[in-house]
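Assemble chain B onto chain A, guided by the hints.
These protein sequence lines are chains A and B, in that order. Going by my numbering, the first sequence opens with residue 52, and the numbers climb by one from there. Going by my numbering, the second sequence opens with residue 52, and the numbers climb by one from there.
Keep in mind that the hints were calculated from the coordinates and are not lab data. Being a predicted model, the structure only gives us computed values, none of them experimental.
Each pair may be met inside one copy or between any two copies, as identical chains are not told apart.
With a straight-line cut-off of 27 angstroms between C-alpha atoms, the simulated DSS-like cross-links for lysine-lysine are:
1. Lys84 / Lys148
2. Lys545 / Lys230
3. Lys609 / Lys538
4. Lys170 / Lys468
5. Lys174 / Lys56
6. Lys468 / Lys479
There are 2 protein chains.
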Amino acid sequence: MRYSKLLLPTLRETPSDCDNVSQSLMMRGAMLKKVAGGLFVYLPYFNMLLEKIKKVIRDGMDKAGSSECKFPILVLKEDLDASGRWETFGKEMFRLKDRNDREYAISPTNEEYACFVAKTYVKSYNDLPLSVYQIQQKHRDEIRPRGGVMRAREFYMKDAYSFHRDEKDLDIYFDLMRKVYIDIFRSLSLEVVAVGADNGAMGGSGSEEIMAVCETGDSLIGVCECGFAANAETISCSAGEEKTEKSGLYEKIYTPSVSTISEVTDFLKMPQSAFVKTMLYEADGDIIAVLIRGDREINETKLKKYLGCSALELASFEAVSKKTNSVIGFAGPVNLKGVKKIIADLEVLSMENYITGANEKDYHFKNVNNSDFKYEKADIRFADESAVCEKCGRKLVFKRANELGHIFKLGKRYTDKLDITYIDSDSKAKTMFMGCYGIGLERTAASIIEQHHDEKGMVLPLSVAPFKVNVIAVDTANEKQYKAAEKIYNQLIKKNIEVLFDDRDARAGVKFNDSDLLGIPFKIIVGKNIEKGEVEIQPRKGEKSFVKTTDCVKLILKTLKEKNGI
Amino acid sequence: MRYSKLLLPTLRETPSDCDNVSQSLMMRGAMLKKVAGGLFVYLPYFNMLLEKIKKVIRDGMDKAGSSECKFPILVLKEDLDASGRWETFGKEMFRLKDRNDREYAISPTNEEYACFVAKTYVKSYNDLPLSVYQIQQKHRDEIRPRGGVMRAREFYMKDAYSFHRDEKDLDIYFDLMRKVYIDIFRSLSLEVVAVGADNGAMGGSGSEEIMAVCETGDSLIGVCECGFAANAETISCSAGEEKTEKSGLYEKIYTPSVSTISEVTDFLKMPQSAFVKTMLYEADGDIIAVLIRGDREINETKLKKYLGCSALELASFEAVSKKTNSVIGFAGPVNLKGVKKIIADLEVLSMENYITGANEKDYHFKNVNNSDFKYEKADIRFADESAVCEKCGRKLVFKRANELGHIFKLGKRYTDKLDITYIDSDSKAKTMFMGCYGIGLERTAASIIEQHHDEKGMVLPLSVAPFKVNVIAVDTANEKQYKAAEKIYNQLIKKNIEVLFDDRDARAGVKFNDSDLLGIPFKIIVGKNIEKGEVEIQPRKGEKSFVKTTDCVKLILKTLKEKNGI
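In isolation and in its complexed conformation, chain A is listed as follows (with noise of 0.2 angstroms):
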């Protein structure tokens, strides 16, 4: 393509709402413009890049068996009441109704079309497994969506679902799903480890993350040398000794005009793991007040499962000017009143003498005990860095890391409420087991750019650059350079090479500096040295070398086939 004809609109500066370099680099780079928080235009270069993705995830899909369909974006309220998503759902699910007044949501996934694809077409013992796959935009209310399309409410996901005669079998194919995707991962160039993790709302009797260490990464996983991985999620903390000798010293001390633990801890001048933050929740409707130590985080996803919840929020202020007793920025255990329940992380149980809010606005409590208050006691933080091996009991070493596909076994869960059978062989109506298996594609797109960059711009892998080849004209005024160049560029395309031609009345310099941002495997460059019959390859990563013009072709083509980049 020839750049002038291309929406291609690079960047010099890196816009300042940037969480992480891929996002900042995807602005830069031409591929997103933001319309609204979490919804984004896709420009060209963006949609090139999703495309090669695309094409191996199909491939992948391909080899699993698995045929590709495309299912509704909207999914009819009691189909998603017959699983029971409708409600356990919650606020991330976009709903909506027709003209009659009939509801839908926007399809999160599409476990019941699935399912009604399996009641449809699989009659006995015969047509299994059966294997389906789309590609499909989804769409998720996200409360803070962050870091460009790694956190986006409408994003791509490839999203599987398998039918099976026996729970056997569907451990199969869930294995053979975690090396297809591992498959996946690889071809894209992307270094990836397979995590266990928690099923969260899917549901079902296991699953595994398969996970890009970036250094931006929005998860946390523990490793261990003996192979074992898991989210930290998932990672069990351990309890200290409980402390409950003390009680009734606490008093209260004016802390004006300071709310946050920072804010608290300068004032006092105490370090944060002196300090239990209290955490208002709601949970199904009920308040919660959950305690942690004040440098630590509360892990949501052991908050919920511990509650057995559907709906996990943070407490709106006005929830709690209704409900507690409390004010938000000052909650503390002692006289708390409103909550349903006070859950208390493990660590603070040995914890003796610290701070909490006094459920007064500018006033804290110094001097608390375990005593002051009820509670009960769970594991609900992140693990941290004394967290061991449940496998060998070594050392977990954390990284971060993007979570890009989630295999779950479902087992029975959806196929029973669905009534999803089969005739076996002894001619019995039997329950299918289910499995499924998703990919979100912007996340391995910008995770492909977190691994594979540099401070020049991005620095694609032939697997997936739009483009690989950037021929440049360094002075489209000379009609030397551009004739050359044009020809090279047409010569290029004829063998098939996706090559983008900067024809760009430009400094030479900006069409280097852009085709280094865009990660273009390799430059050729049309300058000053044609006269001498000459042009300079130049690859992203490596030496250029100056080269006969009539050879760069043959030159060009043989390097990418060694490369398997064609």
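Same frame as chain A, now just chain B:
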């Protein structure tokens, strides 16, 4: 692909609720499964067909120098307010709120964000023209989804938007897009005609529809020998002599339990043309009565244009009984109260002594005349066989057709409202001219089937057939046949031919019928003659022939090449 591994569930019988041949063949030919009114699961075979169509469309858009983007499906209310479409789009647009009560529509088309892209990236006249497009799922809350995917509530649309320095440049691009569209549809083996059309809700200064002539098409077009063609919606009807002499002759007659036109005319033993239908509409909140001869249909496009309203729908039972003195089924213009106006179709003006409803259950009036009530006259019916060509005066021939594409000169309609300007060579900011260009993908697929089928099933053109060849082992249990068929299958795959291998353990007749139903262009049948070293090549249309087993791949390749199937 192997039939046994693919979800390709053909049906022997047509499901009961099919409106046209393409819907029937898509249901039987393993393409669609209905989930709810206007919502379908697309099965793999349909997905594959859509991918073929996408490819052809993308190639066409490349030729038009258009850059593929992806705009959000969710469009903010404030952005649709700015363009005025939140108001004008009426009930066809799905609307929803997010968790913060912010309102969105599910994008019907995406003018607003295309303008946003132009606003962001076009600075000067040097950046124009700009053309962007997407292939995206769209949603419309149709009152009456019908014809399978022909009028569904969820469908793929290719929507393109172009921006220009002046009207002349828009005109040039509009002509290019017409040509590109016709080329796209011809590449898809569709016979199409470009017709003048109404701009409808999109507005702007002119539009054309690209129509595929199909027996069960849902549009009516008038075509002239001279080359002129137009949507019947836009063809003017002539008026006869207006009769205003008689009045006061009408008498009430008892017509118990007859309310439809055919019931009434049967009951009174009169032709439908002696009757004047009175249709009550709600137009932007007002009730309007519309009179038309009993055997004619109201053209709502003309009516909407005449009224200049944004929302037009038949009035509900509730609205009629609340706001008027009439009764649905017995409405008539004489003594009608509560309507804003009565509009008489031109043809009604030359009628005398006709029958109408009496605004009372079970009663009609006979001998009604135009002077018995006040009315406005307007051309609001579909053109009929008497219509003549506006260019040359010859009689028009009317044909049924499906609208596949619609191209619009929007002019400054949106760019003025949304302030989309560029800096011209005289350093002044000027408003861009805009065009937009849509293609409905499912309608295109259905029309291909409408134009290419016979009594056995689809006859897919090579250009779009998902599988070019079907390799059939007549007796799968016969090892020699199976192995030979599998070998041919593998050889074709190596040559990158899209091939289906019917490896099912089924009767040969079932396999042949399925192959014909699916419309696969060529069968290679491996049967008893394999003993003589021969297989059969059978085109979907044309003579079958026995060929040497060793030659069959070479022969098929040669044929496909000749027919540009590869």
